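Colleague: Listed here are the chains, written in short residue letters.
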Amino acid sequence: MEREKATTLYIGPQHPGITGNMMVRLKVEGDTIVGARTEVGYLHRAFEKLVERRNWVQSFTMMCRFCVPEPDPVEESYARAVEMLDKIEIPERAKWIRVLVLELARMSSLLLWHAGQGHSLGLYTMGQWSVGDRNYILDLFEELTGARIYHMFIWPGGVRRDFPEGFEDKVLRTMDYLEKRLEDYDNLLFENSIFQKRTQGVGYVSPEKIIEHGVVGPVLRGSGIKSDIRIDDPYEVYDKLDFVVPTQPGGDIWARALVRRVEIRQSISIIRQVIENIPKGEVYTKVPNPQKWKIPRGDAYARTESVRGEVGMFVASDGGRKPRRVHFRGAAYVHAVTLLEDVLIGQNIADVSAIMNSLGTCPPEIER
Amino acid sequence: METLLEKIKDRVSVNFDLKDHKIYADQKRVDLFFKKEHIPSVLLYLKEQMDFRHLMHMSVIDWLEEGEFEVIFLLWAPKEKIKVFVKTRIDRENPVMENMDNIWPQLNTYEREFKEMYGIEFPGLVAPEEFILEAWTGPPPMRRDFETDKFAKDNFATRPGREDAQDVRETIAKRSGEDIPDFAKKYSR
Amino acid sequence: MYNDKNKQKIVDIIKNAARKHSLWVLAYGTGCGAIEVPATMTSRYDAERLGVRGAATPRQADVLLITGYLTVKTLKRVIRVYEQMQDPKYVIGFGSCTINGGMYFDSYNTINQLDLYLPVDVYISGCMPRPEAVLEGFGKLQELIGKGVANGARQYKDNLDYYRENQKKVIKNWDFQDYNW
Numbered sequence: 000m001e002r003e004k005a006t007t008l009y010i011g012p013q014h015p016g017i018t019g020n021m022m023v024r025l026k027v028e029g030d031t032i033v034g035a036r037t038e039v040g041y042l043h044r045a046f047e048k049l050v051e052r053r054n055w056v057q058s059f060t061m062m063c064r065f066c067v068p069e070p071d072p073v074e075e076s077y078a079r080a081v082e083m084l085d086k087i088e089i090p091e092r093a094k095w096i097r098v099l100v101l102e103l104a105r106m107s108s109l110l111l112w113h114a115g116q117g118h119s120l121g122l123y124t125m126g127q128w129s130v131g132d133r134n135y136i137l138d139l140f141e142e143l144t145g146a147r148i149y150h151m152f153i154w155p156g157g158v159r160r161d162f163p164e165g166f167e168d169k170v171l172r173t174m175d176y177l178e179k180r181l182e183d184y185d186n187l188l189f190e191n192s193i194f195q196k197r198t199q200g201v202g203y204v205s206p207e208k209i210i211e212h213g214v215v216g217p218v219l220r221g222s223g224i225k226s227d228i229r230i231d232d233p234y235e236v237y238d239k240l241d242f243v244v245p246t247q248p249g250g251d252i253w254a255r256a257l258v259r260r261v262e263i264r265q266s267i268s269i270i271r272q273v274i275e276n277i278p279k280g281e282v283y284t285k286v287p288n289p290q291k292w293k294i295p296r297g298d299a300y301a302r303t304e305s306v307r308g309e310v311g312m313f314v315a316s317d318g319g320r321k322p323r324r325v326h327f328r329g330a331a332y333v334h335a336v337t338l339l340e341d342v343l344i345g346q347n348i349a350d351v352s353a354i355m356n357s358l359g360t361c362p363p364e365i366e367r
Numbered sequence: 000m001e002t003l004l005e006k007i008k009d010r011v012s013v014n015f016d017l018k019d020h021k022i023y024a025d026q027k028r029v030d031l032f033f034k035k036e037h038i039p040s041v042l043l044y045l046k047e048q049m050d051f052r053h054l055m056h057m058s059v060i061d062w063l064e065e066g067e068f069e070v071i072f073l074l075w076a077p078k079e080k081i082k083v084f085v086k087t088r089i090d091r092e093n094p095v096m097e098n099m100d101n102i103w104p105q106l107n108t109y110e111r112e113f114k115e116m117y118g119i120e121f122p123g124l125v126a127p128e129e130f131i132l133e134a135w136t137g138p139p140p141m142r143r144d145f146e147t148d149k150f151a152k153d154n155f156a157t158r159p160g161r162e163d164a165q166d167v168r169e170t171i172a173k174r175s176g177e178d179i180p181d182f183a184k185k186y187s188r
Numbered sequence: 000m001y002n003d004k005n006k007q008k009i010v011d012i013i014k015n016a017a018r019k020h021s022l023w024v025l026a027y028g029t030g031c032g033a034i035e036v037p038a039t040m041t042s043r044y045d046a047e048r049l050g051v052r053g054a055a056t057p058r059q060a061d062v063l064l065i066t067g068y069l070t071v072k073t074l075k076r077v078i079r080v081y082e083q084m085q086d087p088k089y090v091i092g093f094g095s096c097t098i099n100g101g102m103y104f105d106s107y108n109t110i111n112q113l114d115l116y117l118p119v120d121v122y123i124s125g126c127m128p129r130p131e132a133v134l135e136g137f138g139k140l141q142e143l144i145g146k147g148v149a150n151g152a153r154q155y156k157d158n159l160d161y162y163r164e165n166q167k168k169v170i171k172n173w174d175f176q177d178y179n180w
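Protein chains in written order, with numbering that gives the first Met the number 0: chain A, 0 to 367; chain B, 0 to 188; chain C, 0 to 180.
Careful, some of the hints might be misleading.
To be verified - No more than 27 Å apart at the CA atoms, straight line, and that leaves these computed lysine-lysine pairs for DSS-like: (1) C:K8 x C:K139; (2) A:K86 x B:K46; (3) A:K239 x B:K78; (4) B:K21 x A:K321; (5) B:K21 x B:K80.
As the list claims (entries may be wrong) - Here are the in silico distance ranges between beta carbons for each label pair: (6) A:I224 x B:A134: 39 to 45 Å; (7) C:T56 x B:T157: 52 to 58 Å; (8) B:L63 x A:K169: 23 to 29 Å; (9) A:A5 x C:A55: 21 to 27 Å; (10) B:D50 x A:F166: 25 to 31 Å; (11) C:F175 x A:G34: 27 to 33 Å; (12) B:S175 x A:E275: 44 to 50 Å.
Read the hints as simulated data drawn from the structure, not as lab findings.
A quick note: this is a predicted structure, and the numbers were derived from the prediction, not measured.
All C-beta atoms in this analysis are idealised placements derived from N, C-alpha and C, irrespective of residue type, glycine included.
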């Protein structure tokens, strides 16, 4: 009998370290992982089936539920795909409001990432701070859209409503507050030697894997490639805004953390630019009666940069009142299945949770 | 932009038997239609020779009335910033598609999903049987002739009183003893 | 609500008073409602002041929070987790989709009515419920425990055949052992 023998170890679906309701089945030798297999399907609600029974506007209410931590990019992708199909031009002000909402969602999701990344390494204070501060952004969302999590705000034809009175000032005040708080986060998380030692050299994504696995977003930028859909394939008004796309050559969790550290500051800067430059005007184009709205036959693919990377929506119409096919592409669909299975090999069991957080695993995005 | 897209189409049509094409200059996108047999070599050519390195998406549309599945590969060239949609049609009754996860390993995930959801066979696909569903006995659920509402009604009981999707505001108002405010009546069905 | 003879002995009153101020919630985010649980637990809403805090394993937990829709695949795991939990144990259904299916009422993969499969003590409605609503739900559960009427676990034990029948109807690959605690 051989001395070392691989043991099967299940992480999840009920596990405090796992990011959501999914399972990773590991083959371990001692403390080292020699094989990994992602198992998903615990959150499959069959959205793509359900939209076949709903019209174009009813389907839009489902879109935000595709990804829970950051619902707005998905709404944006769907809205833009439908606009491409039906050739709807949206007003200028709506585009700026969309950018504001997307960047606020990006910030709220990044704050949640701070909590998750800290939590996965045993730094529980980080979660108390950043999730608490995230509530200030959710307050802004509540005032603008009426809901904390599922906004259903960016719809085909524009956005649902204009800013309430005094909203701009509140946004700026919140940004000032959060900018100050980010210095505290630096002290707590990024200058913490435990965090540095546990993340440097762990979860390495090599440049070859990037092309193979279709890696997007901060994972790509953390491996030294400058790529961002907001610049490469600009949508809404991102080509009029001034922001930096950070890159880090490391390819490990630490590099990706540094990329995200800069990104949250860039979001604050973008939000300030939006508030400064937003034009006056209408916020939505009138669309036909939803019960009678028919969209010409064709297909379109719209993609948006979220915190985890590219989220895209492939929408096909058969010329009827209901979508023929709505197919969602989440960043986690590739990150959390083939890439994660690849990256985990050779790592320690204790780092699984940190690697999953760093790759932006979001199970509702995988199975929809 | 238009000329660049034309050039891409021409370069592909020199090497392969292009059935049809369509150019969308505003979306920076060109659609290429091929026969099923040519798809692997077209994808490999686009990836290796023409810098369409990023596979954005792969999708399947069920055209029930025409008896065909449409399989679509969405590619993106990071340098030229152009989208190419490679499309093909396969038979709906006996759907077989070549396994292509050696071109992009991420296609493995997509193929597992479509095998389960549409019943498309990918000969040579190495993956566990189940991906999303567990112990599923019915037909592949994403096919259009599978009726999800009927399945749900047969298998999962609904709460008594909520069999239909009718307005329950009056029932709730009666139970709680409050009047429906005027602004809410306007939206009543 | 399952009420046993509508009166409590003194020992029960003391026991329930202790139980209701230490509700440990199992860390199992079964659905999208899991996003509001961190907000409830952290600094602004701070559920820990009510004795509500997270527990890592089923054996240590008192409350199973079903955060949202349950797919058939998750339902099997949830039942397993529930049966591993030790008495006292309570179930909170969180979100509209646990009550009547919510917006997934016609989905082929999600159950519509949670209380056919598990004994639910408190429902929290909304999609998604705000942290205030979650705290309100915990308050209601504490009130029911204090009165001695949150007897979901006993209800489950006494009517096991009924629950088993419903569970086996949707879970096709049934491979559970007997419920023996």
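Colleague: Does the structure break any of the earlier hints, and which numbers would those be?
Modeller: 2, 7, 8 and 10
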